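As a plain string of letters, each chain reads:
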Amino acid sequence: MKWLFNKNENSYPDYWTRYNACFLDAKPIDINTATYVVLDTETTGFNYDKDKILCIGAVKIIDGSIDISTAFEIYIKQDYFDEDSVKIHGIIKNERIETVSEEEAVVMFLEYIEDAILVAHHAFYDITMINKALQRLELPKLKNSVVDTMFIYKATRTNSTTIDAKKKYTLDELAENYDIDLSDRHNAAGDALITALAFIKAVSFLVKNKNYTLKELLTHK
Amino acid sequence: MKNTIADRVADFIKNFPPFDLLDKEQLLDISKEVKIKYLDKENVIYNINDPLHDQFYMIYKGAVKLKKYINEKLETIDQFDEGDVFGLRPLFAKENYAINAVTEEETILYCIPIEMFNPFIDHNKKVRQYLIESFASNTENPFSNEFQKKLLDDDVKLDFTKDMFEMQPVRLIKNVITTKQSSSIKDAAKLMSANNVGSIIIEEKGCPIGIITDKDLRVHVATGNFAITDDVSKIMNSPVKCYKKNITIAQAQITMMKHKINQIVVTKDGTPDTKILGVFSEHDIIVMKGTNPSVLMKAIKRSNSTKELKRIREKIMMLLEGYIQQNIPLTHINNIIFELNDATIKRVIERCVEKMDQAPPVKFAWMSIGSQGRKEQLLHTDQDNAIVFENTDDDHLEEVRTYFLTLAKKVNKRLKTIGFEFCPSEMMAKNPKYCLSIDEWENQFSAWSRETEEEELLLCSIFFDFNFTYGEQSLITQLTDHVTEITKGNLIFQSKLGACSLRNPSPLGFFRQFLVEQDGEHKDHFDLKKRAIMPVTDAGRLLAIHYQIININNTAERFEKLAELMPEDEELYYSCAYASKALLKFRTKHGLRHHNSGRFIALAELSKEEKMKLKRCFKAVAKVQELIKLKFNLKNFI
Chain R
104 MKWLFNKNEN SYPDYWTRYN ACFLDAKPID INTATYVVLD TETTGFNYDK DKILCIGAVK
164 IIDGSIDIST AFEIYIKQDY FDEDSVKIHG IIKNERIETV SEEEAVVMFL EYIEDAILVA
224 HHAFYDITMI NKALQRLELP KLKNSVVDTM FIYKATRTNS TTIDAKKKYT LDELAENYDI
284 DLSDRHNAAG DALITALAFI KAVSFLVKNK NYTLKELLTH K
Chain C
936 MKNTIADRVA DFIKNFPPFD LLDKEQLLDI SKEVKIKYLD KENVIYNIND PLHDQFYMIY
996 KGAVKLKKYI NEKLETIDQF DEGDVFGLRP LFAKENYAIN AVTEEETILY CIPIEMFNPF
1056 IDHNKKVRQY LIESFASNTE NPFSNEFQKK LLDDDVKLDF TKDMFEMQPV RLIKNVITTK
1116 QSSSIKDAAK LMSANNVGSI IIEEKGCPIG IITDKDLRVH VATGNFAITD DVSKIMNSPV
1176 KCYKKNITIA QAQITMMKHK INQIVVTKDG TPDTKILGVF SEHDIIVMKG TNPSVLMKAI
1236 KRSNSTKELK RIREKIMMLL EGYIQQNIPL THINNIIFEL NDATIKRVIE RCVEKMDQAP
1296 PVKFAWMSIG SQGRKEQLLH TDQDNAIVFE NTDDDHLEEV RTYFLTLAKK VNKRLKTIGF
1356 EFCPSEMMAK NPKYCLSIDE WENQFSAWSR ETEEEELLLC SIFFDFNFTY GEQSLITQLT
1416 DHVTEITKGN LIFQSKLGAC SLRNPSPLGF FRQFLVEQDG EHKDHFDLKK RAIMPVTDAG
1476 RLLAIHYQII NINNTAERFE KLAELMPEDE ELYYSCAYAS KALLKFRTKH GLRHHNSGRF
1536 IALAELSKEE KMKLKRCFKA VAKVQELIKL KFNLKNFI
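Protein sequences, first through last, are from chains R and C. Counted the way this note's numbering counts, the first sequence spans residues 104 to 324. Counted the way this note's numbering counts, the second sequence spans residues 936 to 1573.
Rather than coming from a laboratory, the hints here were simulated on the basis of the structure. All values reported here derive from a predicted model rather than from experimental measurement. Hints may contain errors.
Within a straight-line C-alpha distance of at most 20 Å, the following computed SDA-like cross-link-like pairs (lysine to any residue) qualify [to be verified]:
id: 1; chain 1: R; residue 1: 270; chain 2: C; residue 2: 1368
id: 2; chain 1: R; residue 1: 270; chain 2: C; residue 2: 1367
id: 3; chain 1: R; residue 1: 130; chain 2: R; residue 2: 218
id: 4; chain 1: C; residue 1: 1348; chain 2: R; residue 2: 279
id: 5; chain 1: R; residue 1: 311; chain 2: C; residue 2: 1564
id: 6; chain 1: C; residue 1: 937; chain 2: R; residue 2: 200
id: 7; chain 1: R; residue 1: 313; chain 2: C; residue 2: 1360
id: 8; chain 1: R; residue 1: 180; chain 2: C; residue 2: 939
id: 9; chain 1: C; residue 1: 1345; chain 2: R; residue 2: 276
id: 10; chain 1: R; residue 1: 130; chain 2: R; residue 2: 316
Short, incomplete list of chain R residues facing chain C, as computed with Cβ under 10 Å [as the list claims (entries may be wrong)]:
id: 11; residue: 162
id: 12; residue: 167
id: 13; residue: 170
id: 14; residue: 177
id: 15; residue: 201
id: 16; residue: 205
id: 17; residue: 259
id: 18; residue: 291
id: 19; residue: 295
Glycine residues also receive a C-beta, built at the ideal position from the N, C-alpha and C atoms.
With the hints as extra help, turn the sequences into a complete structure.
See the structure below:
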């Protein structure tokens, strides 16, 4: 009876209501014309409960093109700070980057994504981190459909026993196989762009060779 | 707000004109509005008479060809690759497109909105100038009747070949070898040798003040007139004949003849007083023309960049197309294309070895496997390869492997750039599973032939056709001996391979019709690879293993050897050899026609004659499958 304890939709802040409204009249979309938001997050660490998002980078794919004018990149103010993760993403606590509060970030992010299909590499991680932030603001989880490029990429590979079915492909491996430059690796926006390029290549392959529809795209989990 | 993504776009476009003329701020403003589009090969970007797009294009990855109707035939008039800008018509004219733009390979485009870009044209004279020039060179019909007539009137006999080769602009060699006038002749000659060039330019502040060619060394130095310790200024030719960019091949050839020179220096404004942009030699014209295997071979061996090898490979494909059109026997085609592919791969490995920080720690050999190993790779197909290296003590094994993996990664990557796609099953030398010491390989092959399950069968079918490509041949010989030994009389293994080879039934169905694919994209298509080429290849391999025919990997050659060894089945084996060649040729023809791997054939598209030919091949496939069934006691199959 979990719903009993959920807040009434009316008691959520306006920005949530606006986000929620995007899902009310769902229009049919197809794989080629759907709007995708390809995103990547950098976090203070890998603990879902303790760690927080440092940065969200994203870009939209509209009508099959990556639209740079939609690039999204925000940095979140941190109280908690883990020295180890700085080595990975290079965001230093006092670096002079414009930062916003976690709530501001959530407001901007929800406004940005609307009902788009979210795409990320190892998406479960990024989505969980974002959901944790929503939870801290006493909001429900994201409502968007989510696609993981790891599984999409896997679907393009030769279906052979010689490939370990459980193999996890890193973003670097995708980039290498698709000949994508890695110059901005480990920067959320840079990784989002790499993921977006890999995503359109993989989807184009699946549509052409396996007659993929949006439904099939969304079944890879 | 920070904008990493726009920064990255700006980082790319700033390297190419006209964007190199803009400042950082302007670049970023444009980059923010760019759209990135991915297109598969042979996709139309715009067609003649299409309404203008509100954007023009820059190629980020891939290649695009522009086509136009010439004498009612759609012909390619220009090709563009990374960094090139096209589709400028909306900037200058209001009419619809006058040219087709089609991707030549997988392509990623940067789409730059006109609205965003217009202010830069208005305010930056240089940008405008550049765009007008390149727009003019893209659209002006260089083969206009007028131009042709003029040349003919002057009684200059030019060979107007199919692709109007002479009218193409020359391709500059941008890596120009230069020296200062104070350096010695000896040092200059050393530089020329090291870079494998026939000329060197003497420069000052980036401008060419003189040039020395091989001939000057012969005439002035080898005769004893000058000492090798003399300054280069003593023998250099000065001033240097310079030309502007976009000189056509025809112009270049005429100029070279007129001035009795064999290289042309291209500078910014066409005079020796501006910066050197590149050089162009007689040899480069021959290479560009290159539909001659020996010229291509030389070009491959001299090539110093992956991009150049890629271009040469395109020429190889043109050569292949010509051979197929002229109906030259496949055995000859196969040998020539194999040698050229082989030389390309060798050159790539050679260059990558040079690029490594240190020499290989132990001897190694690069082997080609699968179709390249069987010398049956004509079209661009996947790369399949592996490395074998000398045994080393356990302490150093991983260190040695790491070295070769690093090398393999470089080689695999460059082969991909040239046009050999990555193997989707990762059967490549950069995979740690296939970069092994000779002991490890021997154990690997032993294990595959001992415990042969599904997976091993697939691996065997690819790895048993290994062939030496580069390095230490004796390692491959040793491996071949080992494979011979472990498969000799191993009937269990052989019958498993036999069963596997029968899995794809003869392509002739019950009613003597072709078996076509039942569903998917290739519905009503006939899978030439799976139903015909693979069965005959598998049969050839199995029989070669059974009769211990070593060192022959090519399917047709295997069957020819079998015919020689077993006169009682001579007819069958010869028909298999024929079938293997005919099928390969068939596939190549279709692949060239449709710009794909040629694997799936639309039945409706086949002529009566083609169907007859195919049926003849399939009969051979059916017969050899029957023979295998009896020989290896596989009654339950088929």
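The hints, checked one at a time:
1. R:270 - C:1368: Distance of about 14 Å is within 20 Å: holds.
2. R:270 - C:1367: holds, 15 Å
3. R:130 - R:218: Holds - the C-alpha atoms of residue 218 (chain R) and residue 130 (chain R) are around 10 Å apart, at most 20 Å.
4. C:1348 - R:279: Holds, because 8 Å separates the two Cα atoms, which is no more than 20 Å.
5. R:311 - C:1564: violated, 38 Å
6. C:937 - R:200: Measuring from Cα to Cα gives roughly 8 Å; hence the hint holds.
7. R:313 - C:1360: holds, 18 Å
8. R:180 - C:939: holds, 19 Å
9. C:1345 - R:276: Given that 20 Å is the threshold and the Cα spacing comes to 14 Å, the pair holds.
10. R:130 - R:316: Given that 20 Å is the threshold and the Cα spacing comes to 16 Å, the pair holds.
11. 162: Given a least distance of 6 Å, the restraint on residue 162 (chain R) holds.
12. 167: holds, 7 Å
13. 170: holds, 5 Å
14. 177: holds, 8 Å
15. 201: holds, 7 Å
16. 205: violated, 17 Å
17. 259: holds, 8 Å
18. 291: Hint on residue 291 (chain R): holds, closest Cβ of chain C at ~8 Å, below 10 Å.
19. 295: Since chain C brings a Cβ to about 7 Å from residue 295 (chain R), closer than 10 Å, the hint holds.
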